[in-house]
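Participant: Residue strings, one per chain:
Protein chains: 2
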Amino acid sequence: MINELNKVMEQAYEAYLSYRHVSGKVKKVFLNTIADEIEALGDVLLETASKETNLPVVRFTGERARTCGQLRDFGRLVDEGSWVEAVVDTRIEDRKPAPKPDMRKMAVPVGPVLVFGASNFPLAYATAGGDTASALAAGCPVVVKGHPAHPETSRLVAGAISSAVSKCKLHPFVFQHVEGTSFEIGKILTQHPLTAGVGFTGSLSGGRAIYDYAAGREVPIPVFAEMGSTNPVILLKDALMHRAPEVARQFAGSITMGVGQFCTNPGIMLGIKSSVLNHFTSLLALELSMLPAYKMLHKGIHQNYMEGLDKVLYDKGVETIYHAHATGSLVASPVLARVHADTFLKNPDLHHEIFGPFSLIVVCNNKQQLIEVWESLKGQLTTTLIATAHDLELHADLMDIATTVAGRIVFNAVPTGVEVSNATVHGGPYPATTDQRFTSVGMDAVKRWVRPICYQDCPDELLPEELKNSNPLGILRKVNGEFTRTAIG
Amino acid sequence: MINELNKVMEQAYEAYLSYRHVSGKVKKVFLNTIADEIEALGDVLLETASKETNLPVVRFTGERARTCGQLRDFGRLVDEGSWVEAVVDTRIEDRKPAPKPDMRKMAVPVGPVLVFGASNFPLAYATAGGDTASALAAGCPVVVKGHPAHPETSRLVAGAISSAVSKCKLHPFVFQHVEGTSFEIGKILTQHPLTAGVGFTGSLSGGRAIYDYAAGREVPIPVFAEMGSTNPVILLKDALMHRAPEVARQFAGSITMGVGQFCTNPGIMLGIKSSVLNHFTSLLALELSMLPAYKMLHKGIHQNYMEGLDKVLYDKGVETIYHAHATGSLVASPVLARVHADTFLKNPDLHHEIFGPFSLIVVCNNKQQLIEVWESLKGQLTTTLIATAHDLELHADLMDIATTVAGRIVFNAVPTGVEVSNATVHGGPYPATTDQRFTSVGMDAVKRWVRPICYQDCPDELLPEELKNSNPLGILRKVNGEFTRTAIG
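Just so you know, the sequences run in chain order A and B.
For the first sequence, counting from 1, position 171 maps to 170 in numbering that gives the first Met the number 0; every step adds exactly one.
For the second sequence, counting from 1, position 304 maps to 303 in numbering that gives the first Met the number 0; every step adds exactly one.
Same shape as in the complex, but just chain A:
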């Protein structure tokens, strides 16, 4: 196995030597072709994904659109070209005591990137998902370790990418797909000297193991592991008074979306003890009771969900508000529970993510205790405020806690359904991710796979297009401290 994996990484590095020079224009065509090829797989892809995940076919119509959309978005980004953050400081001959040299910098691709896809998003966060799309956009060849929970889906998508590689006449090893169920494969690939970075979406234990392998290398490499969170929702009084039924309906949908198998699932909701909070709780239970129960992705996830529930629901002080006793293999019952903050603060087990259609309402005595609970939670991908303008006026100080706790702060909406935008941050303090300085969704995800290079007094003809005086690509550059698309000199 080791020889085979060595060969994979050597091939990826060989591809890097040419792929890193491929222009934004060509990369755009390539990324668009991948999207076209994925769409050309037609219904067989949706049906295969559905069969392998127990999720409905219609869900994959949306996920495919998202996957192809972000491939095309990254294509536009690198074709436009300003993403390399070119900076130029021109020479100052008469500077004392010595002339100031000409200095120019830009981002360049780091090298072969290893991607571990998620089981819960077999299209958008997997083989041709955000990690792969952003790494290919950056100019890095990609090695995907296919997720064993959806091997056939991964194989189909890998075939689509390989077909795009061939149609675009790129180096054949710009993309490679590795299969296997052994964790050892991931370890060997992470530790391989030619691997330059790792994208991972999955569990805390898996992500941390990969991070530790990477940090323990002779040459450490960055690992961008997105490991989920409980996504605390803050329920404020005036909002509950005026919008409880609507909020309950929204959150019942969010808690059960994708059978709760979303890293942005609202797993903990905080409110201050009151009749409106009680009323909201009843409404949420009612809304949940009207939703059917579905099968989870696979046996391991289902078992973890059942064990997680057992741990929490039989805990002293935790009250089960709603528990659909659904039956059938792998079926997950939506569950709503409630606990008082005094109990919650004393029991770290209650702070953990339960991956599935579950949410825990934490009832606080007052605002001070609500803040204490919120701050006691570890790093989060998102945190949500359900609040009217009046609530926010009264509690503007909560903004500080929100920005400390999470990477994305949502106002009066559900945290599930991460928008792919220029401004997206899908990341957050550990253990939500291993590197809160970056996002794994949205256009800035490309920044994970580059490093800056500085050219000092380099002759113009040897400079990359992005840094030449004439600015042939017309990109936005910072020239002598001013942002401009104008040529130099």
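These are calculated hints, taken from the structure and not from any lab test.
Incorrect hints may have been included.
The list makes no distinction among identical chains, and a pair is therefore deemed to hold if it is satisfied within one copy or across any two copies.
To be verified - Straight line, CA to CA, 30 angstroms or less: simulated DSBU-like cross-link-like pairs of lysine-lysine:
| hint | residue 1 | residue 2 |
| --- | --- | --- |
| 1 | 24 | 446 |
| 2 | 467 | 294 |
| 3 | 186 | 377 |
| 4 | 236 | 99 |
| 5 | 99 | 345 |
| 6 | 446 | 477 |
Fit chain B to the known structure of chain A by using the hints.
Facilitator: Using the frame of chain A, we list chain B on its own:
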């Protein structure tokens, strides 16, 4: 000791809670005041630094100017404000199947930053050096672990910073100075849960130890360790034919600058076997012989230099070209040695940095072997090409190696003397640094101390100034994919 250090970090975090909200305008005044206070220390600072480092007073006139210059540069950067990289995607109500939410992101400070200064730059890379200046600019309180090799200098500068903190009426713990010789102090501070990031300049063994402590934490934090390199210089034929005397003079100065105690010291020079290379070697030896020998920083560095020389010079196949047999306590003799590439490639000991006024000329049989040697060297801060236009035309393929090996590529100049500019990259592949994605010199050094936050559908009045519709700070933002300073709506 632990209790005391705990208190330091708790105080730093307390300062963070207010300092993170301090405006760019106020931070500019603060950074300028630090510079003023350092200048106000007058000659006593220069004399103290000289006494503690064995370096001449005049050297510190320059280093002080650099230190104060970069403090003021960071002040201008954060006052202008665009450095937070604000991105706004506005709401699209009629997007199908659901409205696109309003998403806005910007960089915010990560938390208290720990700085380990370098012994070789007691001003520019130490107490108020680039790490401290950039972290304070970002909005992060700083804890400096003063370098035991220049305690009095560090204390003077720390006093200047504290005086600026007080004059600017900032939280008293925005800056703290910790003294002590025990390595344990650095370990405890790095592992403290409230430490959010670490800047380090020093040896590979020290930097790697700090990196390992940080990566082994329950919540890993980034470490930006700059650990030096051999900064390979590529000597091409046409340049040597036309400019050997000038190049020899420049490099004799570069090799011995600061008694060779620069992380960008040109420790390895590569050329292809030829009479011009021999001629250049003789000229370089001659130039070195005209320069006096000076004292090194301290006993430990001097001892390492002597041991490093012993290891290399008595190695079979290494020829000593010039060795000034200077005497006197701590005095370092400039040394030039030569080795054939065949020997060099077989002996990893020869690849290591020898911190001091030493350079090794590696004679290659041909271009292919030169590339082999160049690629065999580990990650570098810089690599330099001494080349005419004709050389570069013949050897344009060398650019690929240069950008793989180093963070900064210098053309026809010496690598020492790192320019502080918008385009500076003082960083490079490991072991030059632990994180090649960032620079520790130049304006982008500020990016090491931030993380992005995304606000989704946030009411305008709760947004930070940088993200408000009206763009009150007038900063450059990416709005719906276009860079603009215009207000929204």
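Participant: If a hint holds in the structure, say so; if it does not, say that too.
Facilitator: Tested hints:
In this assembly of identical chains, the alpha carbons of residue 24 and residue 446 lie at most 30 angstroms apart whether taken from the same copy (18 angstroms) or from different copies (29 angstroms). In the homo-oligomer, the alpha carbons of residue 467 and residue 294 never lie at most 30 angstroms apart, since the shortest distance is 56 angstroms inside one protomer and 44 angstroms across protomers. Proximity of residue 186 and residue 377 under a CA criterion of 30 angstroms is satisfied in both settings, with 27 angstroms inside one chain copy and 23 angstroms between copies. In the homo-oligomer, the alpha carbons of residue 236 and residue 99 lie at most 30 angstroms apart only across protomers (27 angstroms), although the nearest pairing inside one protomer, at 60 angstroms, exceeds that limit.
In this homomeric assembly, residue 99 and residue 345 never come within 30 angstroms of each other (Cα to Cα): the closest approach is 60 angstroms inside a single copy and 40 angstroms across copies. In this homomeric assembly, residue 446 and residue 477 come within 30 angstroms of each other (Cα to Cα) both inside a single copy, at 17 angstroms, and across copies, at 16 angstroms.
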